[in-house]
Amino acid sequence: DAKTTQPPSMDCAEGRAANLPCNHSTISGNEYVYWYRQIHSQGPQYIIHGLKNNETNEMASLIITEDRKSSTLILPHATLRDTAVYYCIVRTLNTGFQKLVFGTGTRLLVSP
Amino acid sequence: DTGVSQNPRHKITKRGQNVTFRCDPISEHNRLYWYRQTLGQGPEFLTYFQNEAQLEKSRLLSDRFSAERPKGSFSTLEIQRTEQGDSAMYLCASSVTRDGKGGNTIYFGEGSWLTVV
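Chains as they are written, first to last, in this note's numbering: chain Y, 1 to 112; chain S, 1001 to 1117.
Honestly, the hints are just simulated from the structure, not real lab data.
Keeping only pairs whose Cα atoms sit at most 27 Å apart, straight-line, the calculated DSS-like set for lysine-lysine is:
#: 1; chain 1: S; residue 1: K1071; chain 2: Y; residue 2: K99
#: 2; chain 1: Y; residue 1: K3; chain 2: S; residue 2: K1057
#: 3; chain 1: Y; residue 1: K3; chain 2: Y; residue 2: K99
#: 4; chain 1: Y; residue 1: K69; chain 2: Y; residue 2: K3
#: 5; chain 1: S; residue 1: K1057; chain 2: Y; residue 2: K99
The task is simple: from the sequences and hints, build the whole structure.
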């Protein structure tokens, strides 16, 4: 799997948008960008994934640059419960085995 | 709750004892994964099952570790002769070969914390 680079930590004020960047400059054409988050002492929670188009769901939006070398996860109105470690992962999607390779992620702290 | 279920959530054991963790995946998920996570690190892959077949094992899975998925449903992870270095959170995850999201999204359980004293 391609390696990703994320800032180790970020701060965000409650109610503001949190924009979490991820660099994946060696991503291949058939690799998707996945985002998970892990709230303290809990298992990783799937957030969103995408290939090249921007994606939005009830949790977040994913913006992928045209060259696909970087992406941004957007939490439009961050709450205190969004404080967590956010992981950006790239992987192929096929019927064969594909494990998730986690880095150290970005620790997002949302403050009042 | 229809998510991945893990038991027990917490286990404290003495060094040298055996421990077993159980994972019940999401219903009809044919793929099951075990990961391990130590403090300050991201989860690390241990092993993978497709139905009842164990198809991938990480080098992290020493011979003291054994995982089974006897009927392609629930899975167990046993650690024999535990060592203090085994203290970690053990995560189970599951997925289907294809799902409605056009891929193989992997969903995690809440994890089982192991402390070896």
